[in-house]
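A.B. asks: Chains as they are written, first to last, in this note's numbering: chain A, 116 to 371; chain B, 25 to 455.
FYI, nobody ran anything at the bench for these hints, they're computed from the structure.
Check each hint, because a few of them may be wrong.
[As the list claims (entries may be wrong)] Under the rule of at most 25 Å between Cα atoms (straight-line distance), these lysine to any residue pairs were calculated in the SDA-like manner: (1) A:Lys322 / A:Arg309; (2) B:Lys96 / B:Glu77; (3) A:Lys268 / B:Asp414; (4) A:Lys268 / A:Met250; (5) A:Lys268 / A:Ala258; (6) B:Lys357 / B:Pro379; (7) B:Lys378 / B:Lys96; (8) B:Lys357 / B:Gly297; (9) A:Lys268 / B:Lys96; (10) A:Lys246 / A:Gln236; (11) A:Lys347 / A:Leu308; (12) B:Lys96 / B:Val159; (13) B:Lys96 / B:Lys357; (14) B:Lys389 / B:Val324; (15) A:Lys121 / A:Gly142; (16) A:Lys268 / A:Asp252; (17) A:Lys268 / B:Val324; (18) A:Lys268 / B:Lys357; (19) A:Lys268 / B:Glu428; (20) B:Lys378 / B:Leu399; (21) A:Lys268 / B:His419; (22) B:Lys348 / B:Glu328; (23) A:Lys268 / B:Leu399; (24) A:Lys268 / B:Arg418; (25) A:Lys246 / A:Gly228; (26) A:Lys268 / B:Pro379; (27) B:Lys348 / B:Ile383; (28) A:Lys268 / B:Asp400; (29) A:Lys121 / A:Arg282; (30) A:Lys246 / A:Glu280.
[Unchecked claim] Some, not all, of what chain A presents toward chain B, calculated at C-beta under 7 Å: (31) Arg167; (32) Ala186; (33) Asp190; (34) Val205; (35) Ala219; (36) Ala222; (37) Gln223; (38) Leu232; (39) Gly235.
Glycine included, every Cβ here is placed at the ideal spot set by N, Cα and C.
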Amino acid sequence: MMLEIKNLHARLADGREILKGVDLSVGDGEVHAIMGPNGSGKSTLAAVLAGRDGYEVTEGSVTYRDRDLFAMAADERAREGVFLAFQYPVEIPGVNNMYFLRAALNAQRRHRGEPELDAGQFLRVVRQKLKLLDMADDLLQRAVNVGFSGGEKKRNEVFQMAVLEPRLAILDETDSGLDIDALRVVARGVNGLRTPDRSIVLITHYKRLLDYIEPDHVHVLQDGRIVQSGGKELAAELERRGYGTFAEQPEVAASA
Amino acid sequence: MSAVLDFPVKPEARPYLEGFGRTNSGEPEWLSRERQRALIRFAELGFPSRRSENWRYLDLQPLQREPLLPGKSRRDVQVPAELQMDGACARLILIDGHCHGAVFRDLPQGVWLASMRQAIEERPDLVRAASCGEVDAEHPFDALNAAYFADGFVLDVAPGVVLNQPLQIIHFASASGAVHTRNVIRLGEGSRATILETYAGEGRYWRNDVLAVRLGARAELTRAVLVEEAGEAVHLAELDATLGTEARFSGFALLIGGGTVRHEASVRMTGEGAQCRLDGAFVVGDNEEANILTNVDHQVPHGETREMIKGVAAGRAHGAFQGKIIVREHAQKVDAHQLSRNLILGPRAVIDTKPELEIYADDVKCSHGASVGELDETALFYLRSRGIPDAEARHMLVEGFLREPVEEIADPALRELLLRRLARRLERLEG
């Protein structure tokens, strides 16, 4: 099993409980979509899985490929194959995109006991991935996400995913802020990375992304719990009926 | 010196009065008089007090308690090859303040590069250009330097001559004692040059370096300073530059080594439309101290100033930036911007920053910004979320932070050299 989340409770540093018992199983090679209104806990779930500071897990467990995910620091999770595509990719002035990504890939390779790639070898690896995402070469030479448009930032996330080849990719609202052309490119990139041993969790507010990346399972997250699960047809039903019908406590749906 | 003194002497200046006059015999009369005058001025001024605005962030107590006079220069000194910049068109090496020869590879006609001693013999006009004049109370070590300097370098570029490759001056110290060097760069009208000055050494010494830069109309000088002094060294350096009409000066200082390091750059715009960049960075760890001071005086209209100074402090280190920009009453249409950004690593490191604009003209564009902060946790998480271990991620962020001013340097070989030295310094910076 790729990912097994059991009764996961998590709260913010200020004590507010955001996740209130999430259960989710993701099998190898599966694509799961987690949908839900703003404030339902979608991004918190992604952050907790990636190991971001500022959240406290108070109950429950997460097993990633038969290991306790929470026993690993954020960087170790990444080296073990967990990847988070950020909803808001971070700008890092002064750090060259290529230098950054080579450091990341080499950290993984060291972890697996593989030899590191020099600049030339690395360039050959990334060239083909750039094409997959329709990205210009000069993006490699720019500082990480600095001066990138919203679409370029999201494409850069999927590009990083393509280079790092994770086992489990969590895409947090990767579709937000994308026009239809950029969405197609990003979706093509993600679809190109679907393999039988790679699982993908798509976190999204809208069904739109799922028209391009077809999920095996769709879950509705509401007020910190998964309230309904189904096949891809559930997304269409959500679009038609709205989140309100799934709400156990509809008034929380609007909170940010 | 005569035993009877008819001027007031600060107690801490006494050893310097008593130690004076054993060398520099056989110099021209005017220079001896100049030295005497400067010595008397230093005796009156003594060491700067920490109440003095220009010296409040630097602790000179150890130096004040234990006077350092010029020491004996060792003969067998090897200057580390790694200090040499590849592709320099000329290189002059000063060891313990004395010229140890120059190598000329590809120097065009109209460029005169020699030791200060040679200039005293052959080009007294150039030496006088570096005369310390009336030293104010903020610059006592300029007076001490004018009294004590043994040697230095002098660069004179004739009008219209363009140097495409950088020159390099290596200041290396090996003796324990004081090293006073006095230097001059004069660029004639429309000429252009790039120079790297590298300061390094071993042991415990006090370096006191003074440079006068005189730029003619439309002359362009890029001067980079790399300070990699020994861990116990005290490094005090002053730059005094005047810029003629539409002259351009790009000063860059990278302070990455030395127990106590102070880099002061004063630029006077005397010709209209002159431009000046003063960029730099300091990195301090352990118990190190580093100060960058800039002082730009817009005396005439249409000048432009850009400053970007970055600082990183770790351990128990202390860094400071003090930057003053003065725009005189008639200096209209001046465009000046100053930025000081600083990063503190660890709970015991301290950085002070003090931007200061004094504006007396009413039609100017002047701004400044200053910040002191810690590493951006969001950026750190982003790097870690890609598998980069915590220590390596922190290192990348610090280096990225400091690269920005270095990347402003136009000469690629010079830029790469400074980036390499910076990366090496950061390898041994505690988190």
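A.B. asks: Now, for every hint given, state plainly whether the structure supports it.
C.D. replies: Here is how each hint holds up against the structure:
Restraint check: the Cα-Cα separation between Lys322 of chain A and Arg309 of chain A comes to about 19 Å, which is no more than 25 Å; the hinted pair holds. For the hint pairing Lys96 of chain B with Glu77 of chain B, the CA-to-CA distance comes to about 34 Å; that exceeds 25 Å, so the pair is violated. For the given pair, Lys268 of chain A sits about 23 Å from Asp414 of chain B by alpha-carbon distance, which is consistent with the 25 Å threshold. Between Lys268 of chain A and Met250 of chain A, the direct Cα distance comes to roughly 11 Å. Compliance with the 25 Å bound is thereby established for this hinted pair.
About 12 Å separates the Cα atoms of Lys268 of chain A and Ala258 of chain A, which keeps this hinted pair within 25 Å; it holds. A threshold of 25 Å between alpha carbons decides the hint, and for Lys357 of chain B with Pro379 of chain B the separation of about 21 Å falls inside it, so the pair holds. This hinted pair does not check out: Lys378 of chain B and Lys96 of chain B have alpha carbons roughly 39 Å apart, beyond 25 Å. Restraint check: the Cα-Cα separation between Lys357 of chain B and Gly297 of chain B comes to about 9 Å, which is no more than 25 Å; the hinted pair holds.
Restraint check for Lys268 of chain A and Lys96 of chain B: not satisfied, since their Cα atoms lie roughly 61 Å apart, outside the 25 Å limit. For the proposed pair Lys246 of chain A and Gln236 of chain A, the alpha carbon gap of about 17 Å is at most 25 Å, so the pair holds. About 19 Å separates the Cα atoms of Lys347 of chain A and Leu308 of chain A, which keeps this hinted pair within 25 Å; it holds. With a CA separation close to 28 Å, the supplied pair Lys96 of chain B and Val159 of chain B exceeds the 25 Å bound.
Between Lys96 of chain B and Lys357 of chain B, the direct Cα distance comes to roughly 52 Å. Violation of the 25 Å bound is thereby established for this hinted pair. A C-alpha spacing of about 14 Å is found between Lys389 of chain B and Val324 of chain B, which places the hinted pair at or below 25 Å, so the restraint holds. For the proposed pair Lys121 of chain A and Gly142 of chain A, the alpha carbon gap of about 14 Å is at most 25 Å, so the pair holds. Simply put, Lys268 of chain A and Asp252 of chain A have alpha-carbon atoms about 15 Å apart, close enough for the 25 Å limit, and the pair holds.
For a cut-off of 25 Å, the pair hint linking Lys268 of chain A to Val324 of chain B is broken: about 46 Å separates their Cα positions. Straight-line distance between C-alpha atoms of Lys268 of chain A and Lys357 of chain B comes to about 40 Å, which puts the hinted pair past the 25 Å bound. For the given pair, Lys268 of chain A sits about 21 Å from Glu428 of chain B by alpha-carbon distance, which is consistent with the 25 Å threshold. At most 25 Å may separate the alpha-carbon atoms for a hinted pair to count; Lys378 of chain B and Leu399 of chain B meet this at roughly 21 Å.
At roughly 23 Å between alpha-carbon atoms, Lys268 of chain A and His419 of chain B fall within 25 Å of each other, so this suggested pair holds. For the hint pairing Lys348 of chain B with Glu328 of chain B, the CA-to-CA distance comes to about 14 Å; that is within 25 Å, so the pair holds. Proposed proximity of Lys268 of chain A and Leu399 of chain B is supported: the alpha carbons are some 22 Å apart, at most 25 Å. Distance hint between Lys268 of chain A and Arg418 of chain B is fulfilled; the C-alpha atoms sit about 22 Å from each other, no more than 25 Å.
Of the supplied pair hints, the one linking Lys246 of chain A and Gly228 of chain A is violated, its CA atoms being roughly 29 Å apart against a limit of 25 Å. Taken as a hint, the Lys268 of chain A and Pro379 of chain B pair is broken in the structure, with Cα atoms around 35 Å apart against an allowance of 25 Å. Simply put, Lys348 of chain B and Ile383 of chain B have alpha-carbon atoms about 10 Å apart, close enough for the 25 Å limit, and the pair holds. For the proposed pair Lys268 of chain A and Asp400 of chain B, the alpha carbon gap of about 19 Å is at most 25 Å, so the pair holds.
A hinted pair counts as satisfied when its Cα atoms are at most 25 Å apart, and Lys121 of chain A with Arg282 of chain A qualifies at roughly 20 Å. Restraint check for Lys246 of chain A and Glu280 of chain A: satisfied, since their Cα atoms lie roughly 16 Å apart, inside the 25 Å limit. Interface restraint check: Arg167 of chain A against chain B, minimum CB-CB distance 6 Å, threshold 7 Å, status holds. Interface hint at Ala186 of chain A: violated, since its Cβ lies 16 Å from the closest Cβ of chain B, which is beyond the 7 Å cut-off.
Interface hint at Asp190 of chain A: satisfied, since its Cβ lies 4 Å from the closest Cβ of chain B, which is below the 7 Å cut-off. About 4 Å separates the beta-carbon of Val205 of chain A from the nearest beta-carbon of chain B, less than 7 Å, and the hint is met. Given the 7 Å rule on beta carbons, the hint for Ala219 of chain A holds: about 4 Å separates it from the nearest Cβ of chain B. This hint holds: Ala222 of chain A has a C-beta 4 Å from the nearest C-beta of chain B, less than the 7 Å allowed.
A least Cβ separation of about 5 Å between Gln223 of chain A and chain B falls short of the 7 Å threshold, and the interface hint therefore holds. Interface hint status for Leu232 of chain A: violated, as the beta-carbon distance to the closest one in chain B is roughly 14 Å, over 7 Å. About 18 Å separates the beta-carbon of Gly235 of chain A from the nearest beta-carbon of chain B, more than 7 Å, and the hint is not met.
In summary, the numbered hints that this structure violates are 2, 7, 9, 12, 13, 17, 18, 25, 26, 32, 38 and 39.
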